[in-house]
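In this text, residue positions in the sequence shown follow the working numbering: the first is 89, and each later residue adds one.
Treat the hints as calculated values from the structure; they're not laboratory data. You may find that some hints are simply not true.
DSS-like mimics (lysine-lysine), calculated; alpha carbons at most 27 Å apart, straight line [what the hints assert, rightly or not]:
#1 269 - 258
#2 168 - 255
#3 190 - 270
#4 174 - 190
#5 174 - 269
#6 243 - 265
#7 459 - 432
#8 162 - 147
#9 448 - 147
#10 402 - 448
Note that the coordinates shown come from a computational prediction; the quantities given were computed from them, not determined experimentally.
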Amino acid sequence: MKFKWLSILLSCAAFLSVVIYNKVFSAPSTNAEGQIIQTGLENQINNMPQVETISVIAKQYSPKIIGFGEVTPKFELSLKSDVSGKIVHLNKRFVSGTKINKGTVVASVDDTPYIAALAKAQAQEAQALVKLQEEQRQGDVAYRDWLRNKEGGQKATPLILREPQLKAAKAEYEHAKLAVKKAQQDLDNTKIKAPFDAIVVDVSVQPGSYIQPGTQIGQLHSSEKVEIHVPLSEQQWLQLQDTISKSSARLNQVVALYSTLDETTTWTGEIERVERHLNRDTRQRSLIISVTEPLLQSTPLYSGTFVKVVIDGKAQDSLYKLPSSAVSQNGNVWFVDKQGQLNKYRASNVFSYHNNVYIKSLNNQPLQIVKRPLSHFSEGMSVQVIEGTML
């Protein structure tokens, strides 16, 4: 009996030893396995490629249409003489670079022969008037004579009534009046005047020069207004507002002008009109921008300046605004889906401006766009997202 109880006690002690051993040695093994699994997951995440993304939502944007053109005067004139003679006077302000007003006499031709020609024409006009009046009197006498003698059966022919003579006298008088007008015009043309407000570009004569009709006196550019002819592509015309592309009248829409040398230098112009023909060389139509009083701007706008023109186009819906770097060399846009995997779609570029591209959205849904896609990207690749700004 005593031996039986001893066997039971030894069995219980052995069982307790096994339980204690399992408690002591099995728990650390389980914790180690968990740590190994967690460490493996962390290593897997750390080995994922990191991408910087931009949060974008579809919005309405107006394209900025960019064009370039040279500033040209509204009028460019080679001022020429209408009479011949010697230059006896040049205006002191008739030198290159100066501004002259409309009607300013820039040069004077010796007018002595023209004064004499006018006096002669006036004398001939007076003689023709006397002759006309005399012929009218003789016509009246002839008519009265015919009335006294008409009972003899004589017909009142035009010759008897001196009608041809009267007609000739009238024509001679009209010719004399026109001769006076022409002589007066020639005399007036000895004073060569600026036909509009202008900048003197070049002077071709000097005092004492002998000129003929058609001799160039100088070169003038109008100063009141300048124009910029801006050629646009067919795609740019489609982006313009219909009120511009389909109009033939003055539009008065304000546009911004920038110096191509320094974009901090700006001016304001207006859309004057659109051309209705294609240039033979460029096969493009041009938009004409005008600037009034260009020399009175805070920064004078000179003829010959090359400028950049920025025009607001018609608004377009459902566009993403992205940095240019977001579009891959293959023309794709990569984005990260909700599962943290890469996807792509073909970018449909609507317009570009200031290092940004505006593309059609993907079903108007907000996206996490990869800012700088890499060539080894593949769809379904898991990535770590570094969120950037929202556009």
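Hint by hint, here is what the structure shows:
1. 269 - 258: 17 Å, holds
2. 168 - 255: Judged against 27 Å, a Cα distance of about 40 Å means the pair is violated.
3. 190 - 270: 23 Å, holds
4. 174 - 190: 23 Å, holds
5. 174 - 269: Holds. Residue 174 to residue 269 sits at ~23 Å (cutoff 27 Å).
6. 243 - 265: Not satisfied, since the Cα-Cα distance of roughly 35 Å exceeds 27 Å.
7. 459 - 432: Roughly 13 Å separates the two Cα atoms, so the pair holds.
8. 162 - 147: Violated. Residue 162 to residue 147 sits at ~41 Å, over the 27 Å cutoff.
9. 448 - 147: 10 Å, holds
10. 402 - 448: Given pair residue 402, residue 448 holds - Cα atoms ~15 Å apart, limit 27 Å.
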